[in-house]
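**Q** Protein chains in written order, with my numbering: chain A, -2 to 69; chain B, -17 to 464.
Because the hints were derived from the structure by calculation, they are not lab data. C-beta atoms are modelled at their ideal positions from N, C-alpha and C, and glycine is treated no differently. Any given hint could turn out to be false.
[Stated by the list, open to error] Here are some of the chain A residues that sit facing chain B, going by a computed Cβ distance under 10 Å:
{"id": "1", "residue": "Gly4"}
{"id": "2", "residue": "Met51"}
{"id": "3", "residue": "Ser59"}
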Amino acid sequence: MKKPSIGALALGAIPFVAMCFSVALWDRVAPTVLGLPFNLFWLIFWIVLTSCCMWGAYRFESRSENKGNRDP
Amino acid sequence: MSPAATALTLIVAIVAIGTAIGFLAGSRQRMDLEQWTVGGRGFGAGLVFLLMAGEVYTTFTFLGVSGWAYSRGAPVLYALAYPTLAYVASFFFLPQLWELGRQHRMQTQPDFFNVLYRNPYLSGLVCVVGILAFVPYIQLQLDGIGIIVSVASFGHIGRAAAMTVGTVLLVAFVVANGVRAVAWVSAVKDLLMLIAAIAIGFGIPLAYFGGIGAMFTALIQARPEHLVMPGSTPNLGHSWYMSTVLLTACGFYMWPHTFGATFTAKSADTLRRNAVVMPLYSLTLALMFFAGFAAVLILPHLQNGDLALLIVVRRTFPAWFLGVIGGAGALTAMVPAAILLLSAATLFAKNLYRPLLAPAMSDDGVARLARAMVVLLGALSLGLAIHGASTIVALLLTGYAMVAQCLPGVLLGLYWQRVTGTGVLIGLIVGVLTAVTLMSAHLDPIGGLNAGFVALCINFVATIAGSLATRASAGQVMPEAT
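With the rest of the complex left out, here is chain B:
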């Protein structure tokens, strides 16, 4: 068998086995986005540690972070800082959020806005923002599938073709109601990814330079400017780093799925304990930095940095290893892509369309509408993925710029007596419009700052000004005076 055939066969086999297991074993327990995010907590402590360490490797970290380490250099360090700081922030506000959710039986993010502000337009707009932010998130998973298949096939299968096949499979899978995977299917994926990351992160510097220290010594000699900000970019300097870290740390818990997962926690204390332990898992992310930086010297002049990790793997390891990594990577992209598609579609049908436009719609009708939306959103994301030239990291940052705009409504709702639904609605509209305008006018970064962060600041000001100028609607839940 040729190397390409070996690698592709293994990828197809791993994806097929993974999905088959999901179909067979998953019918008892349905996996939704929250379970995916907090998945596998039912295992023993040692295994949980390994699984959580493996969960760090998403399409974003595996291909995206190594890709930016290769193409941009030091600015990618932001990816090491923001999850840690997001956990720190979560320590302080998630317990409050959980408590409020328990008192008012909240399950989803729109529930929170609905209960707190009693403003259907606001909770509707929160849904829209969530769906808009999901689109680049889905797009980056499709990008990942395209990259994996095209590299593993040694270029015989193009990215567009691979992404199209991947999307059709995904949509068919979701529409057939196949999003059923027990925790241990993603456990297999997590373990594979952890093994792959260790082999890549340590193995590649070892094979070419004799070790990680020697690799950095060589890189410092050849390209010292790549290793400090702004790295190999014209404008991603220190102010960009700070504003991006703050934006993404703020946005981390504003995604509809991470927000919703808060309500399913056992207690407020569990959330605080998580904040203590969770930062340690992002330590292993450093392995992706090693791989991306090593590729700078091994493979200079790649057009698309997101390919760097897999091309180095292809050059260094036997074809079967590329196949195993590709298969694990493809599962890593497909499982969240399927769940994200379903969640975005459900969000649209259940929390946006029915409450605002068709209150009489039956649950079956909602399910049918959601399935139609899966097809539509899949096609939209595919179109964007084929025509877009953004890097994986840039795509996730676009999602963050959108979703972080929900923060003022959450934080002020928890801590400020004077906040009103109208104020939050005005702030959210202003923030989202600012973010979209700046990004589509290619003004990101603007004045050295992340455009999403600038939009978030304007959003806060508008929310506060709007709240002071309006009265709270009847039934709004106010934070208790302390």
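Chain A on its own, in the form it takes in the complex:
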């Protein structure tokens, strides 16, 4: 069993910081963005960014997997 690469783990940590641990920083109403209270906008925005982070992590993993396959 292969453990996940450091790069992928770092990318995976970003959404946890942005959507969970930093709640005190973004849990406010103002400024409204696209008509949404800031906290609601922030979470919706980060759902999209999380997908991007995981796409990056996926590239990291498949790259290290390919390398592993080429080695005898």
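Chain A is fixed; fit chain B onto it per the hints.
**A** Below, chain B without anything else, positioned relative to chain A:
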């Protein structure tokens, strides 16, 4: 026809057609809990996207999330964060789990504990925890049925009566071995729910305020405190948010059905790809927030927030639309309720009763016992649903507090050399007892933290301490040193 009659007729018709199609077409392919969870992956890419977007709307999200947006306010934002973070976590540990499952031919969650730890008491207790966690999950589906029928009948049919009829139908359906529904029956439901969610999420703010932005402007003026944590609650603040997000993100893949579904994935790569795409589906959940927040200004002073969405719909849209939404909502509650009942009963008979108490029992005997358990569990859930006053969200959180306690045994089993079955057993007992004690003593949240999360932390400590103090049993599978 009166509006109530129109709405109820449509609900009954949709449920009847849905189940009839299930009976007729489903005999070829049996649908179990795993298929329900990952259902409909055989369709084309465009349709799959629509179906997955529709699958987001469960009883929990449709009635529960909008209900908490109405009654609690900002703390409900946790529901937007935890599925996303659960997918992130899944990217890292599901491929490992899948690999282990492939090597040892695992199919179910008890299989995992059985193979890894070779401790029958541990896998038995995992079953018990799974069944206990399923009970509030079934209960919230029954609550949903009760709410739909009572709102659609304009209060003529009470919640208790509606839930009782719903449960009797469900149990009869399951005992008659009727849990057969091809993927496209739930596909019809998914599409209906997606259309309903869009109509509700955009239509209601538009009808009353002129748009979503205008609705929030009005709400910020009238009730700004509702929109930041702790919202309209005394104690659901930031530490509650963080601990709840972590607990539910951890518990997401610990449900017996989501765990089992991992083993049926085509490859480890499929699981990683899912983690990339899946967060996007929860975007449409925002529509339920719009509906719940709009209801704050449209219908102040509702006793039960879980009714908010349907009462606003009833007030805004024609009766036939309420009927269509009610019918789709009722299918959304009944299909999982039936499958959950059957899975909990099968888990009891096959993975708990037979291995521990009656090894000689035949497969027919197991099936009979499972059917008896369906009746018992249905009655238990109905009793709890009639007498309980919990909101739908609170019920699911109770289930999560239980089921997340399986996490230390899974994570440490995958990554830590020193973990032992006895250690995991001790941790699981301590964690479940802590969660049950805190919740039944109404100490949730405790010190601002989600009680299930506190129990999970204690569980981790107890598992590690117990593992260090004991030796691994013979035959335990160890993670490879890397």
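**Q** Which hints, by number, does the structure contradict?
**A** 1
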